[in-house]
Amino acid sequence: MSQVLSIQDLHVSFFTRKGEVKAVDGVTFHVDRGEVFGLAGESGCGKSTTAYAILRLIKPPGKIIGGRIVCDGIDVLNLKEEDLRAYRWKKVSMIFQNAMNCLNPVHRVSDQIAEAIMVHESVSKRDAISRAKQLLSLVGIDESRANDYPHQYSGGMRQRAIIAMALALNPVLLIADEPTTALDVVVARQVLEVLWDMKKRFGLSVLFITHDLSTLAEFSNRIAVMYSGMLVEMADTKSLLSNPLHPYTDGLVKSLMSLTRRGEKLWSIPGSPPDLAAEIKGCRFRPRCPIAMERCFSKKPEFIEVGQGHYVACHKVVS
Amino acid sequence: MMEKASNASFLSKNPHLFEIKNLKVYFPAQTSSLIRRKYVYAVDDVSFFIDSGEVLGLVGESGSGKTTIGRVIARLTPPTEGKVLFQGRDIMSLRGKDLKNYRRMVQMIFQDPYGSLNPRLTVFSTIAFPLRVQGIVKDKNKIREYCIDLLRSVGLSEDAIDKYPHELSGGERQRVAIARALAVKPQFLIADEPVSMLDLSIRSGILNLLMELKNQYGLTYLLTTHDLRVAYYTCDRIIVMYLGKIMEIAPIEDFMSHQFHPYSQLLLSASASFGFGDRPKRRLGATGEIASAIDPPKGCRFHPRCPFRTEECSKKTPPLAELRNRRFVACFNPQ
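Chains as they are written, first to last, in my numbering: chain A, 1 to 319; chain B, 1 to 335.
Among these hints, one or two may not hold up.
Claimed, not checked - Cut-off 25 Å, straight-line C-alpha distance, at most; resulting in silico cross-link-like pairs (BS3-like, lysine-lysine):
#1 Lys63/A with Lys80/A
#2 Lys300/A with Lys22/A
#3 Lys18/A with Lys214/B
#4 Lys214/B with Lys265/A
#5 Lys254/A with Lys214/B
Derived from the structure by calculation, the hints contain no laboratory data.
Model the full structure from these sequences, guided by the hints.
Set out below in structure tokens:
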């Protein structure tokens with residue numbers, strides 16, 4: 001299977017008054033064509049920063065320090081400013097967390113989608129609008145509603161309109177950053193089903209960023225778990241959830257609430273995620289780790305393949 | 001648990017800790033028309049009870065009215081119509097000493113631990129303030145000691161006491177909010193989405209803590225959540241709400257094995273059940289989204305989305321009826 005996106009040893013830092021904050025500290029992964037790749041982690045772990053780096057959207061005081069990002073044969077970090085426009089949206093498009101609010105309130109939804117098409121391709125307005133309508137019907141919005149203004153849509157419809165807009169130029173990769181976090185359970189489910197439908201029908205590749213492992217359990221092919229700027233584990237969805245190797249992943253999976261057990265005490269990981277500005281020697285998860293050894297205090301564990309396609313960064317597991 | 005002797009007489013007459021009778025809360029809506037005033041029917045004719053010692057869950061999507069009910073019980077929002085009886089007494093009739101005592105006995109934990117703590121007060125000042133107001137600790141020199149004990153009981157260390165909220169993580173802040181609520185020795189705690197703003201690895205810790213404290217102090221909870229998994233772990237009974245109306249009331253175990261109301265079924269099927277990838281089947285029977293509470297649908301509020309609707313559903317409002325022991329459903333065609 002060919003790779004749509006490959007990221008090697010990506011480093012992104014923010015230079016604040018407190019000093020350098022290593023938001024992304026050596027991340028390596030790839031996304032295969034036609035798969036949903038889940039990037040999971042808690043707030044502040046650097047998962048959104050990774051997404052912004054892929055689109056070259058990091059602004060000062062943030063800076064991409066090093067690494068390589070290749071998307072569909074394009075060396076992203078060496079793109080010239082003027083080529084970025086064609087790269088964004090046409091190659092990679094993104095749905096943001098509060099995407100519902102990304103629509104312009106004073107323009108009709110169909111016009112907004114058509115505008116995006118016309119900026120990138122030389123088509124007539126009439127053709128662009130009819131394409132916009134097609135896209136909307138793909139995500140389950142009736143043509144009769146296409147000329148509405150955003151405020152006439154419900155939250156879920158707006159989110160689906162954003163998905164339609166993101167797909168307008170047939171991008172090779174869609175980045176979805178917490179696409180359902182702001183939505184109600186039932187509506188969130190509908191939006192996920194639309195995304196999955198798009199993947200099935202058009203072989204869309206999706207980088208799905210979320211804090212919710214249980215969503216990924218159903219809607220992803222592979223998962224990478226990020227903690228404090230680094231990947232701690234990566235595997236196909238089934239292996240990762242049924243056989244988590246890293247103590248952090250293990251804790252997350254155990255603390256997942258299922259609808260089948262009750263009355264037992266919930267599993268919880270002690271402590272809270274670390275402050276990225278503070279330098280932690282050795283493994284960053286060590287202060288919260290139940291199985292930390294002496295080596296974890298001094299040496300940073302490497303991200304090593306331990307089974308087929310199953311990577312983990314932990315001294316204990318590797319030894 | 002009921003330490004007040006004066007309350008005991010009410011108790012004997014009244015088996016329920018709380019009784020909510022035909023509660024209605026309407027908010028005036030912003031409309032362009034000055035003549036025809038419109039209202040948001042946030043809570044519309046809701047009746048239920050809360051028993052002492054139980055954890056009752058209010059489950060529903062945003063706009064279902066669950067938070068409003070919590071706020072009415074906490075006496076933060078006045079009801080438009082209807083009554084909330086606490087041990088037989090209408091809470092809106094409480095004045096002076098009785099009201100102060102009610103405010104002590106009923107405490108609330110809010111969803112957002114970033115917004116519910118005053119950023120300019122240290123943890124000590126935050127917890128000590130209600131203590132002073134209610135005169136819980138008589139000896140001034142013992143207040144600090146009392147606060148430290150409280151912090152320990154919610155799983156925080158002693159050195160948190162002089163910190164400001166910004167120095168604490170989200171989970172720690174929620175623990176401080178819980179400590180503040182417990183400081184005045186309440187009987188009843190309203191937890192409004194207590195974990196939905198917290199990180200995944202923190203959530204289970206807070207839920208465990210809430211359950212431990214409940215057993216330790218013999219508390220009664222009203223817990224609102226949109227997540228059936230949270231309700232499943234914590235609640236004894238749940239009330240499913242939709243657009244200001246009760247759809248179903250059931251003991252949780254019983255509810256999980258069977259849901260009578262089509263909306264309950266929809267809600268459950270939308271909760272990710274932790275199965276493995278590559279098979280999100282279209283399991284949602286119903287379509288569409290929650291309607292506006294300004295002009296709610298006539299008849300059953302859920303009927304425009306309901307796959308089992310009949311003509312009757314759009315004309316008459318189904319009453320909440322006891323279908324079998326302790327199970328109430330408001331539906332003409334229970335499944």
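Verification of the supplied hints:
| no. | hint | result |
| --- | --- | --- |
| 1 | Lys63/A with Lys80/A | holds (16 Å) |
| 2 | Lys300/A with Lys22/A | holds (15 Å) |
| 3 | Lys18/A with Lys214/B | violated (41 Å) |
| 4 | Lys214/B with Lys265/A | holds (14 Å) |
| 5 | Lys254/A with Lys214/B | holds (23 Å) |
Checked against the numbered hints given earlier, the structure breaks only hint 3 and satisfies all the rest.
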